[in-house]
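Number of protein chains: 2
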Amino acid sequence: MIYVVATLMIKPETHAEFIAAATACIKETRKEPGNIAYDLHESVTDHSKMVFVEQWENAEALVPHRAAEHMKAFGRVVVKCLSAPPKIEVITPEKVDVR
Amino acid sequence: MIYVVATLMIKPETHAEFIAAATACIKETRKEPGNIAYDLHESVTDHSKMVFVEQWENAEALVPHRAAEHMKAFGRVVVKCLSAPPKIEVITPEKVDVR
Chain A
1 MIYVVATLMI KPETHAEFIA AATACIKETR KEPGNIAYDL HESVTDHSKM
51 VFVEQWENAE ALVPHRAAEH MKAFGRVVVK CLSAPPKIEV ITPEKVDVR
Chain B
1 MIYVVATLMI KPETHAEFIA AATACIKETR KEPGNIAYDL HESVTDHSKM
51 VFVEQWENAE ALVPHRAAEH MKAFGRVVVK CLSAPPKIEV ITPEKVDVR
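Sequence order for the protein chains is A and B.
The opening position of the first sequence corresponds to residue 1 in UniProt numbering, with each subsequent residue numbered one higher.
The opening position of the second sequence corresponds to residue 1 in UniProt numbering, with each subsequent residue numbered one higher.
Hint data in this document are derived by calculation from the structure and do not stem from the laboratory.
Warning: the hint list may mix true and false statements.
A pair counts as met if it fits within one copy or between any two copies, since identical chains are not told apart.
With a straight-line cut-off of 30 Å between C-alpha atoms, the simulated DSBU-like cross-links for lysine-lysine are [unchecked claim]: (1) K95 <-> K72; (2) K95 <-> K27; (3) K49 <-> K11; (4) K80 <-> K11; (5) K27 <-> K87.
All chains should be built: construct the whole structure from the sequences, respecting the hints.
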């Protein structure tokens, strides 16, 4: 199992368009084989900071994910919304303590 | 370096109180030795799902964090807000790919 934390800084005026496109992408991504969890969150301290928190069975599941039509469609919107390059952290855990 | 992903499901009517208490706690936590990143995010698909995404230099830094007065003060608010037990994932990475 892996985690992905993807942080995207968006231009305030694109907020509604970004959320709409992300919501459509989330719906399809959650159907993908290998996806465990996939959701988008808005920082409460900086409303232009949008963070995907994802879990996948393994890193291989990311390959078809990135090629999926719903991700390409979302990508076409994202490029218009970003105010800075995204930071995507793909985390392979050695250990996860769940409390 | 470790990550903490803490997911808290809150009662809708406590949203404002929870955000206010969390914001105060975030301000102080970011000053703590060993903290790298600490922020609270609201899911865009479920507004009662609140997710802390944190980075710490090591797991030891969590000990004084949990004992800190600002965390205790936040905890006293959280217990009134939760609609389900929180899920706290402490992730020790084997590997992190940053893109």
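Checked hints:
no., hint, verdict
1, K95 <-> K72, "between (32 Å within a copy, 27 Å between copies)"
2, K95 <-> K27, "both (29 Å within a copy, 28 Å between copies)"
3, K49 <-> K11, "both (9 Å within a copy, 24 Å between copies)"
4, K80 <-> K11, "within (9 Å within a copy, 35 Å between copies)"
5, K27 <-> K87, "both (22 Å within a copy, 23 Å between copies)"
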